[in-house]
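Asks: With the hints as your guide, set chain B onto chain A.
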Amino acid sequence: MPKLTINGIEVEVERGTTVLEAARFLGLPIPTLCHDDGLTPYGACRLCVVEVANGPRSKLQAACTLPAEDGLVVQTHSARVERARQLLLELYVATTPQSKTIQDLASRYGVTQVRLAPEFEDCIQCGKCVRICREQMMAGAIDFAYRGARRKVMAPFRPQSDICRQCGACLYICPVCELRCHGAEAETTLCSGCLNFAPACLDYHDHAMCFLDPCVACELAGPLRQDLVWPEAKRPESPK
Amino acid sequence: MPRLQSRADLEARRAAGLRARDPAKPCLAVCAGSGCTASGAPEVLAALRESLQRAGLEGSVELKSTGCHGFCEKGPVMLTWPEGTFYNQVAARDAKEIVASLSNGRRPVERLLYRDPTSGQRVQREEDVPFYRFQQRVLFGNNGRIDPKNIDDYLGVGGYAALANVLAGFTPEQVVDWVKRAGLRGRGGAGFPTGKKWEVMRAQPAAPKYLICNADEGDPGAFMDRSLLEGNPHSVIEGMIIGAFALGAREGYIYVRAEYPLAVEHFRVALKQAEECGLLGENILGSGLDFRIRLVQGAGAFVCGEETALIASIEGHVGEPLPRPPFPAQKGLWGKPTVINNVKTWASVPVIVNRGPEWYAGIGTAGSKGTMVFSLVGKINNTGLVEVPMGITLREMIYKIGGGIPGGKQLKAVQVGGPSGGCIPASLIDLPIDYEALTEAGSMMGSGGMVVMDETNCMVDVARYFMEFLEEESCGKCFPCRVGTQRMREVLTRICQGQGAEEDLKLLEDLGWMVRETSLCGLGQTAPNPVLTTLRYFRDEYLAHIRERRCPAKVCKQLITYSIEPTLCDGCHACVHVCTTEAILGEKKAAHTIDAAKCIKCGACLEVCQPKAVLVT
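For the record, the sequence lines run as chains A and B. Position one of the first sequence corresponds to residue 1 (our numbering), numbered consecutively onward. Position one of the second sequence corresponds to residue 1 (our numbering), numbered consecutively onward.
Treat the hints as calculated values from the structure; they're not laboratory data. Take every hint as true, because none was put in to throw you off.
Straight-line alpha carbon distances no greater than 27 Å define the calculated DSSO-like cross-link-like pairs of lysine-lysine that follow:
#: 1; chain 1: B; residue 1: Lys-180; chain 2: A; residue 2: Lys-59
#: 2; chain 1: A; residue 1: Lys-59; chain 2: B; residue 2: Lys-506
#: 3; chain 1: B; residue 1: Lys-336; chain 2: A; residue 2: Lys-3
#: 4; chain 1: A; residue 1: Lys-3; chain 2: B; residue 2: Lys-196
#: 5; chain 1: B; residue 1: Lys-196; chain 2: B; residue 2: Lys-336
#: 6; chain 1: B; residue 1: Lys-331; chain 2: B; residue 2: Lys-180
#: 7; chain 1: B; residue 1: Lys-96; chain 2: B; residue 2: Lys-25
#: 8; chain 1: B; residue 1: Lys-598; chain 2: B; residue 2: Lys-588
#: 9; chain 1: B; residue 1: Lys-64; chain 2: B; residue 2: Lys-149
#: 10; chain 1: A; residue 1: Lys-59; chain 2: B; residue 2: Lys-196
#: 11; chain 1: B; residue 1: Lys-331; chain 2: A; residue 2: Lys-59
#: 12; chain 1: A; residue 1: Lys-100; chain 2: A; residue 2: Lys-152
#: 13; chain 1: B; residue 1: Lys-409; chain 2: B; residue 2: Lys-612
#: 14; chain 1: B; residue 1: Lys-64; chain 2: B; residue 2: Lys-272
#: 15; chain 1: B; residue 1: Lys-331; chain 2: A; residue 2: Lys-3
#: 16; chain 1: A; residue 1: Lys-3; chain 2: A; residue 2: Lys-59
#: 17; chain 1: B; residue 1: Lys-557; chain 2: B; residue 2: Lys-612
#: 18; chain 1: B; residue 1: Lys-149; chain 2: B; residue 2: Lys-25
#: 19; chain 1: B; residue 1: Lys-554; chain 2: B; residue 2: Lys-612
#: 20; chain 1: B; residue 1: Lys-336; chain 2: B; residue 2: Lys-180
#: 21; chain 1: B; residue 1: Lys-64; chain 2: B; residue 2: Lys-25
Bound conformation, chain A alone:
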């Protein structure tokens, strides 16, 4: 069984364990956005980077995808890691300032300034929805399309997929809520769950949005956008 050192603590773990799992086993908190215990590691949000010594040199590597190997020396909260996380979170806040998950993380990691104009993106492309749909719901109804700045999550070619069962797993797992319900338009929305409940959420939400817990964007997007005063605040035209 591989034996590794995390923050000076030696730990022996089973083969196949990731460094993230080993660190969490020791009770060391490592922030993540794209990781979920029930899904395959993806390594896209990069928040879980840790400093891994490799001989005289060390580098930052994502803990969620790094297999725990014999002799690894890992630092989860070194100055370099903290700086990287702070800068990443600054960029996350600028990208999706309306997300409570991201705001909480930013405040926990001491982000005190955001030097970039907010973009109010709906999605950070953590890929959780894509993976839960494929791996847990066995549907594979949605995936990433396009590349780079135009990359987005969608069903093939049109808004609603033939194989989507409208289970809502994607909404459930989204940290910033991309595929949220935009109102009770059965033709274009993904879940339309609100239509089946009484009272329908439309009855008490002016701006019809999905109520499935924990959809932070629904609760916070409205008031936050008005309260915050951003430098050169703008809502850019959608690049999608």
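Replies: Leaving out everything else, chain B in the frame of chain A:
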């Protein structure tokens, strides 16, 4: 073609090929690489053929098309054998004269010889041209001598001898040991020791094992892999077969960009010929080794040059990188151990076997062995492909081989290593070119792109340009690369437009550091290099844009104005004719003026003005 059953068969075929060839028979060898093809090589070939027929020489003079010589600037180029006369910038109308010279006492056509711009002397032989004199063409040397579509040409220059030697007398461990002792490092950019990679692969118990040749050369302005595949595809195939023997692989892939049609065509022909000869397939040369190569074409994504993304692409997935470890040598194509090497790395393997690891390790510096191929482009007199020993200085590269900067301008910087390489300032011109020195200077070897920049290049604009390229080519999987490059480009654009603030420099440094440290793959990890190096070496230029709202190189359009100096203007109206926005006013024979509101700062007037009355401030 009969299958070659043994080493003796191979040697017999080689000898037969050489016997059939009269070394004294005149031969006209025209470069038919992509560069010369674009500048008219097919027409030259056709005209030569016609002239030979007219002169009744088609039986006694051989005419062939060869691979790229590297001096694309002077294309189409050709050689006449046996003298080795080098003609450059040949046109179809010169064919008659060239053919006539063959029977005319074989005196070369003087006006088609290369003229040394410094001495004004005509140079007859290729190796005396300064561009070639300081090169060491280990991989590219045969490009100009062989017809890439004819396996007998490759056999004629000693091709597949390394393979025969390996199959006859080497153990697989010995091959790996030789590659290791030669100190060969990956030529694709990162410079990982090839022998070490091969050892990791050999230690894997899983089977089958795969080999991949990475020919997804995506850097703008870089074309050495294309040239080698077009000009000498068999050298790559031979390297891969030797690799298959050493690593226990039965199947190999070559991943070529679809944008390289000629390379794909030549490689296909070479594969077919090698299969027909029994150099690929089952029981190669009677040794019991089975190996096949499949050709896969890329679909245009820059990121697919990254090994894990390339593997995903071959498997039919979206070309997005995966985290390493596990490395492909442990778990690669179809989840099996895979060695993936660059075109030039594979082509270096037969050279090492032929000349011995000590010979190879004797070239270069302590940490970087052998030769490296650069594509020398930008503000340089001799544009083209250059193969030099590692450790040569930038000064030798630019002034001896490159022939200096055109127009007597000052060298400002050299961007080494492709779009995500760093800009090395003119003050570091004596820097030796090897993996360590370049990394220390904030750049990298990369694929070997080398863009020379002079005083008319704005370094902020250069950083912005490359950031735009990388933003476009980021696959978008990991957050820092997708969003970080986008935000850095926005900040750089702002500075170029004269709307930057001094805090922006700190912001750029922070973002650049973060993208470099946290990105998933090599694309993101190197993407900030142009920004970070220009900030390090050309900070004053950034500050001029921010504090004085001034672009010292007079490139950033928002920060410059065009005007006409009335005392110099002779009123010739030339500028009025080229101005597309009708921004230039004035009667003929009277001084003109530019309407700043209409001027789009395209620079057309500047180019046509004879008395140099157009001023840029």
